Each structure stands twice: as structure tokens, then as C-alpha cells.
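Residue numbers (this note's numbering), protein chains in the order written: chain A, 965 to 1292; chain B, 965 to 1292; chain C, 10 to 286; chain D, 10 to 286.
Derived by calculation from the structure, the hints in this document are not laboratory data.
Since we're looking at a predicted model, the values are computed, not measured.
A portion of the hints provided could be inaccurate.
[Stated by the list, open to error] Here are the simulated lysine-lysine pairs, DSS-like style, with alpha carbons at most 25 Å apart:
1. A:Lys1017 - A:Lys987
2. B:Lys1217 - C:Lys88
3. A:Lys1267 - A:Lys1240
4. C:Lys247 - D:Lys234
5. D:Lys108 - C:Lys234
6. C:Lys28 - C:Lys258
[Said to hold, decoys possible] Computed Cβ-Cβ distance ranges for the label pairs, DEER-style:
7. D:Ala91 - A:Lys1217: 20 to 30 Å
8. D:Ala91 - C:Lys234: 53 to 63 Å
9. D:Ala20 - B:Pro1247: 46 to 56 Å
All residues carry an ideal CB built from backbone N, CA and C; glycine is no exception.
Each chain, letter by letter, is given below.
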Amino acid sequence: MSSPKTHKEWERELLELEDFIAKAREAARKEAEPKSREALEAKIEDLEKGRDKFIDVMYSNLGPWEKVLIARAEKRPYTLDYVQALFSEYVELQGDRRGFADNAIIGGPALFNGQPVMVVGHQKGRNIQERQFRNFGMAKPEGYRKAIRLFDMAERFRMPVISFVDTPAADPGVESESRGISEAIAAAIMKMFELTVPTVAVVIGEGGSGGAIGIAASNRVLMLENSVYSVIPPEGCAAILWRMPERGPDASKALKLTAASALEYGLIDEILPEPKGGAHRSPVETFATVKEAIEKHLGALQKLSPEVVKTDRYDKYRGMGRFEIAEG
Amino acid sequence: MSSPKTHKEWERELLELEDFIAKAREAARKEAEPKSREALEAKIEDLEKGRDKFIDVMYSNLGPWEKVLIARAEKRPYTLDYVQALFSEYVELQGDRRGFADNAIIGGPALFNGQPVMVVGHQKGRNIQERQFRNFGMAKPEGYRKAIRLFDMAERFRMPVISFVDTPAADPGVESESRGISEAIAAAIMKMFELTVPTVAVVIGEGGSGGAIGIAASNRVLMLENSVYSVIPPEGCAAILWRMPERGPDASKALKLTAASALEYGLIDEILPEPKGGAHRSPVETFATVKEAIEKHLGALQKLSPEVVKTDRYDKYRGMGRFEIAEG
Amino acid sequence: MNTKAPANSEAFLQCINCKKILFSIDFEQNLRVCNYCGHHHRLSAATRIAWTFDEDTFEELDTELRSGNPLEFPDYVDKLHAAEAKTKRFDSVVSGRAKLEEMPVSVAVADFNFMGGSMGSVAGEKITRTLERAADEQTPAIIFCASGGARMQEGLLSLMQMAKTTAAAQRCAEAGVPYIAVFTDPTMAGVLASYASIADVIVAEPRALVGFAGTRVSKQAGVSKVPDDFQTAEFCLKHGMIDRIVPRKEMRDTLASLVRTLGGHALSAYAANGGKK
Amino acid sequence: MNTKAPANSEAFLQCINCKKILFSIDFEQNLRVCNYCGHHHRLSAATRIAWTFDEDTFEELDTELRSGNPLEFPDYVDKLHAAEAKTKRFDSVVSGRAKLEEMPVSVAVADFNFMGGSMGSVAGEKITRTLERAADEQTPAIIFCASGGARMQEGLLSLMQMAKTTAAAQRCAEAGVPYIAVFTDPTMAGVLASYASIADVIVAEPRALVGFAGTRVSKQAGVSKVPDDFQTAEFCLKHGMIDRIVPRKEMRDTLASLVRTLGGHALSAYAANGGKK
Ligand SMILES: [Zn+2]
Ligand SMILES: [Zn+2]
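Looking at chain A on its own, in the form it has when it is part of the complex (with noise of 0.2 Å):
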């Protein structure tokens, strides 16, 4: 059985039992006759339970692939849905103030629970004109840049930063590669390190690469229980290993690429359970569970002062690798 490619293509079957569900809903809403009608509810009560069990099974035990189709579906809440749940007062800012401006990464001041912070984070589209508009959440170099000036702000006017993490990856086109792709997202990695403010970041979908790190870099990073993180798209690590980016799959196997893999490694300090179905069957749910997380890990590092916060960001990445050691 070959994999499914999209998350609309993997859930296929529950869509249409889920169409089916609203089909009787609405015949039943139409039946005049009680007795009809309340035959049709019971029936659609039954088909509801099976609905949930259906998910239930689906969504226990994804495997790696499912969770890379789940991280990128179009339903999924993204980062300015977070932005309107979880802070008051937002003011988005933009520009990297060197001639360019840049709508795949976002950012600005807010409160969260009233204290003020700076958010930032990649924006995907949902439907095609927001998508191009987004560049399918694949920055460029002014994102990147626009980043580093609102961690400088943060910094200069001691607010914690919070990120969201949605990328498929860095713009790699040619405009991109002219204007310093790669400075910029080492630019932005590096004033993350400069930042004696908490930093907290939250893998809510993709977690890109290079597109990702560039504002991942923080003191706290959090992984949605479906989000995946990943140095490699899993079909360019197939195309490059076998020749065959449809074996994306068994690719993303071998990488590891899950949120458990992530903490496992220690790479990541918590992962945020979903909702049933995942985090787009239950937004206000997700919504509370990232709110919560981001309470306690903000907590706990506005307890330290601005030197240890930046120390401690340093050591938590300076621990990061595996090797052996050979004998002398």
C-alpha cells in the first residue's frame, strides 16, 4: 500500500464520514416528523461515536509520516491564529528597515496575560492568494532581518520573546540567495544568543531546518505532539539517499523527526499533547494547553536574571550532539 501524500489524502475516509455526518444532520433538521427525526439523531449519534472511535485509532500511534502530513495540514491553527488567542494588543511591525519586507515570518509587541512581550513567527496561507502572499511560509532574507530588529527591541526594552515555529523551510530562490539567505538566518541564530530576555519558542507545524533554527534558537522550545522538526524535508533526504523523493516516508522515518525523537535527543524540553484529531479538531483546546506551557516555561525563566537566561540558552545548545569518544 503506497502512502498517503497530503493530510486530506490520509484522512480521506473520515472526511467522508464526517460529510456524510452533516448530510443526515441536515436531513434531520429538515424532517418534519418526529418520530423520523428522532430515528435519523439516534443514527447520527451512533455514527458520531464511530466517528470519534474512527479518529481515535487513526490518531493513536502515528507513525512519522503521519505526523509530517498532520503537521502541514491546511486546517491546522497557525501562528496569527495563536497570536489572536493567546495576547491582547498586538501591534504587528513591519520592514527590515534596509529596503525589503518580508510576509512569511510576522512579529510584533503584544501582552500575554499583560505583561508585554515580542512575538514572532512564521505565517502560512490557507487558501492560494494567501499562500503566495505567505510564500507558503518560506521566508526570505528581510524575514529574517525584520526578526533580528524585534529581538533587538525586545531586548532593548526587556520583553520576553515568543516564537512560533511553521516553516517548510527558508526561501531558497535566487532573489533569496542574492540578498544573503544564509547571513540572515545565521544572523538571527546569533542574536538570539545575544538576548539576555527568556526566550520561548513553540513548534506548532513544520519545523523547517534553517528556516526554522533561525528563530528557534530560544532558551524553552515546545513541540505540538503532531508538529515535526527536521533538518531535512523528508522527500529530499529520499531524493538524495535513493535517487526516489516519493520514498519520503521511509525517509522521515530514518530522520527522527517526531516531537518524541526531539525530546528523546534532548533537543526539545516538552511536548504539547493535541486534542483528539489533532490540534485543528479543537483549536480553543490547543490554544489553552500552548498558553499554559508558555505560563510555567516563562515563569520559571523570569525567575532567573538576565545573565543566567542567556547562559543558560547557551549551555542548552553547547550540550547538543552525540558522538564517541575513541580511544587514545
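Given the coordinates of chain A, work out where chains B, C and D with the ligands should sit on it, guided by the hints.
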């Protein structure tokens, strides 16, 4: 009598005289008959005395407009001439690290009397190709952003900054505007006020408004005797005041753009005398003057603590301005 | 917000952009934004202050500063006197303290009516003091820009105001106090290339003219063709040079949110000091 | 400079760029730069070190670090063993201390022969230690880059090396110690987008391949047409991303001048400490 428009035009008679002397010298060299040669040489000597007198008269009591012409003279030593004469181990560094490179502002680390310094300066070109390559000494945003990068390094590595100012103006084109020439200049000025290493600027030719101050906001500002420093080019001022750009000579008087005026208003620290007939008539003498002046001012500044170096600079500019106090 | 009484006794006026006839009373209610084309007409400093800050909280300072004629520049004195007569002020910048949604702020507002808002020694000094007060008193700075550039008639003294004001902005940044600039029509040349462009946050009014060189100069200098929106706030936004374009009626709320978030730390320090340095 | 004996016993070889036949002895004398087309052929880490630093001053460190297979990635162990056999090293980066015109420097040199110079945990650790030693001992850092990017086979651990090495570079900057990167052919992807691009000074060998994405990816992604010199050192110079292109025979002198000028302050501190931290 209408004013001369270029240094060449102003010096026309002198140049003709020099040309005549050169020809006479050539004739004397070819003259086989000793008596005739002696007679010719005696005549040449007379001519040279006459020329020296001519220069004396011409270059004593120069008006502002003549200084404008001298400051713009093609034969005048440019930044790289000073770099070659005053420093060793200069390595030119390039690029703004943001996608663009500029050739109208140059710079890099070097040794000055064996001591590491950072050199930054506007660079003009002498022939048509050079002039185009250097964009007539008019820097684009990337020039100022490169300067900022060099200032940053100077601070990090505790190197004094020596800047050479010689620009008609910052580049005013559409490209410059689209990449934020104003921000680039402002950010360069701002960066100079962040530095705790001593900074010395020398106006060697044209100190053209914002384009000049972008690399000139230093602890000490020195001006060569015949250089000019102005908020607007005299022709531009005349165009605004009288809608007659050709009245630049009149505007140059009103603008008080000479070194003497700048010193009188407390805006510069020292006037560096030029050799008879201007810097270009004896570059070696000019280099020696400039070198000695830099040594002196740098020496004094290096006795101050980094914090005092910074407040010295702030206080210097803080005090600039002339206004009246109205009766309560 | 404060009363918006018609500025003059005329019942009608004409939009300077679309040329449509407007009722003065509607026009004032709409904060002098054209109902038809949305053109944001210029405001005097006094009107700007009244419409932005909490009622009667503006305390004007530095009123003793008056432009002289240090260079003895031809006709400058006459121009100053004419501008003083027209605006009843001594220069183009009004500076002081105010409150915005009860938060203390250090404020400067430029008035284009005074010699095109140009920056000479007095404007430079007032901007500098505004930013220094912000740094010293830990109150966020808000500066409304409106200027053709440096004031030619004060020569190199005006150019040095670029350095002086920028140095003060640097001091503000170092003090951890946010500085917000508002670009109104026009924000040009020496002002744009100094304190205006290095604000932490820059918002602009729609269609404000914003640029370095006179439009003619830029067009001559560039071989590339000039875009339709060249040197407008919209052009700046597209090129990453400003943060947002904010219509006049949202300006107060936007500024308040920025002060509350970016200025939170500074304002706590201010409060801890008993509301004064 | 050190001996440049032919690397193999063959008397001739072919330039991989222009395909002309070269005398091995001339080729070595010319630092493996083609006499005809100027192509800079790749060097092993050992050769690079011998040709750059003062004779016999290189002290190799961190030799105990060896790549494992933390992810149990398919075929990774075989690839490591093959690379170890080929290079007689445990990974792609050689690190240690050396002297350059008698000035102490902290050094790392990547070897493209070891799995394309890719950066996994070991390379990341060695680069980090090199930059940390530079900061701690106040000796300028010089890193020769040669890498296809992050090492896929160590997954997210490799990605994190980008953060780790960049953090170390930040520490270096904060310690006032200059860090100079040399881009050799190729310097790509995860290495370029981390410690390589944030060096204080970046010099590159002529025509070195330098880029973020695989060339194919970039060409697909961009609608704009691809310039002829795309992803070369020359392209980077034109776009302000590197400081200079330095031919191999001038490399040593250029690096020495940079260390002497930028590193002057750090080296004084080093000397004041009696040559050791
Ligand atoms: Zn209108
Ligand atoms: Zn060849």
C-alpha cells in the same frame, strides 16, 4: 565678470603658464648650444618665480567659491591616496552583508604607526571609468551599511576609527531611496555615537551634507584648509533661493561653508594648512600634515577612558547650534 | 478625544487632493481626512496634539527657544518673522510632556507651517531635549515628523542638528526607552536621514510624502524608472522602511498599544520613581 | 612556507576545470591552482594547514571525537567507515592551535573528502571548541570552510549544530576576538547558514561554490532568471556577502594582516597573560 565653474577654469592662466614652463624646459633640454641653454634656463627660473608669485596671489585670500572649486579639484588627493601614504597592512573589506556592495565608501583595518585602526572614507574617481565605478563619490545605502559594519568591528576590537570625508552628497537615486538611503545615513550616525573607541574625521575635499555626516560624526573633526563642509551644495541652495543654480558662488558665501567658518561656529576642531597652491601641488606635504594632526588628536583621545570618549563625543555635538532665548 | 470645531467660519472647503467640495463640519469630524479620497490633510502642531493625547495633559516646554540668524543669511530674518506671525510660534517644533491613555510620554510635534517644518538649531534642540527627557525620565518618546529637511539658512549648524538629534535617539535606545516616530506629510531629507529613520517603530499617515532627495533630483539621478508610488508612505512600507501605515482615526489607539507594550518596562521604572525622575 | 611535494607519483594530471594537462610538479608549486585557467583545486585539511600556518606550529586537538550513529540511520556506519579509511580521520573538521607569522591563532579546517565536509555532531563540536578556545585564550579564530551542509544522517542533531556553532561565534565576538572565515569550494547550506556567514571577515577562494540551497532547488524556486555566476564567490562579492576574493597564493599574507590589525587588541591581552589564558 562671471565666476569660474571648475577648478580647471579658475586655474586656466596658471595652467597655461605651467604648460609654457614645461615646454621651455623641454626646449632647454634639447638646446645643444650651452650659452643659449643657459639663457633659456635663466628665463625659466624667472618664469617659475613668476608662477610661484602667481600661485601666492591666487591662493591667498581665497573666497568660498574658490574653495569649493579647489575642494572638488580632480587632482586633489583622494581617500585611497591618504590610505596608501599614512597606513600599512590596509586590507579593504567589502559588502554590507545584506545583498549589496558599494564603491563610493571604502574601508578596512590597517596599522597607523604600528597601531591597529579602522579606516573608512569616501572615494572619488579620477577618470571617467573610475568616476562611474565610484559613483562620483556618492554612496548608496550599502556604503553606509558597510561603514556600520566596520564601526562595529572597530568597537569590538578596540580600534580607533579614522574617516576621510570627500563626497558631493549621498546618492539620491531611485535605487538608493528604495533601499533606504535615509535610514542608512541615520543608522551610521547613530552607530558612531555608540562607539567607545576614539574617532577622528578629516574632511579632505567636499563635506557634502548628509552623505558626509554619515561617516563624520567623530570625536574630532579636522578640515583641510581648502575643503568645504555644507548642508547643501551651493548650486542647490541657489536654485532654491533664487531659482538660479548658476548663482552657486553667491550661495557659497551665504552658506559659510569654509573651514574657517566651521571653526568659528565651533563645529570642527582644527584647520589643517595646505601647501602653497593647494593639497594637490604637494601631496607629500599634505600627507605629513594630516598624519601629524591625526597623531596628535588620536594621542589625546587615547588618554581618555572608553566611557569618556563616548560622552566627549555626545557633549561635543550636544553643544552645536545657535539660538536666542526669548523674553519670558 | 477633543472637540473638533471647524477651523474657520467657512461652511465648505475643497479637498486639495480630489478637489471635491466638503462640508467643514464633516471634514473636522473626520479628522480632516477627505470623505471621498481619504486624503489626510496637514494638521497644525496644536491640532495634532489635541487629537492625539489625553485632554489637557500636554505641557509645553522649551518655549523660550527662538531662532536667530547666526550666519546672517540673506532674508532669513524676514522669513522667520513671517513664520512667527503666521504660526504664533518661534520655530517649527513644539515639544513637551503629555499623557496618552494615562501613560506619560515625551512629545515633539513638527509644524509644517513654520518654514516647511525645516530643522535648524531650535528644532534640533527641541527634538534633542524631547529624546533626552524620554531617556532621563523613562517615558516613551513620540515624535510627529513634518519637514522638508534641514534648514539651509543655518548652514552647517543645521547639518549638525542631524548628528545631535541622532545622538539623543541613541541615548534613548540605550536607556531602554522606546521612541516612536510618526511620519506625516511630508517627512524629507535631513530630518528623514537623521532622528526620524532610527525610531524603534515608525508609523506613517497614508500617502505621506517620505523621501531623501527632492523628487526631481531622484528622478534625474536614477536611470531606473520611477515607480508611481515613489517617495510615499506606501513605497516605504513596501520597501521595509516603515512598520505600518496608520489612518489618522486609528493613530491614537495604535500609539497607545505601542507605548503600553514596548514602553512597559520603562513605565514601570517611571512609576517606581514616583512618576518623576 | 612548507614543501610542496607532488601528492602522488604521477608526473602529469588534468585540470578538472579546463581539462588541460598539467605537470604535477608545476601544479604543486602553484599551490594546486591551474596555470591555465586559475582554477583552485580542492585541498585536504592537512595540505591547507601546511600551506597556511607557520611551519610545524599546528597542534591538533579534539582528535578523540568520533562520529557515532545516534539515529541508527541506514548505511551511515558504512559511510563513516569508508570516509575514515579514505581520510584517516574521524570526521570532516580538523581543529587545533597554530601560529601565523608568529601570532597564535585558533584554527579549524574542513576536509571535503570526509562525507562532503558535512556537519554532524563531531564537526559542530570541533568548530564550537575552536571558537570557544579563541574567546577563552584571546587568540583570533581562522576557519576554513568546505562543506555541502548539515549531515542529514544525524537528523535534528545536525541542525542543532548550526545553533551551537553560531552561539560560539557570538561568544567570540563578545570576547573581542576576531573570527575570520575562508570560504573554499564548496561552502553550502547548513554551514553557510550558521557559523560561516557571521564571521567578522569573510574571504573566499576564487570561483568557490557558495550557496544556501542546492543549485537545482534555487533554480526551480526562483522565477527570476539565474545569473551565470550564481552561487560563486564572485556572486557573493557582488552582493556584499563576502569581503574579498583572495587567490590562494595571497591567502597567508591576507590572513596575517587581518590577524595583526583586527586581532591586535586580543593578542595584546594574550601576551599580557604570558601567552596562555
Ligand atoms: Zn479628497
Ligand atoms: Zn585549468
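Which of the numbered hints are not met once you compare them with the structure shown?
3, 5
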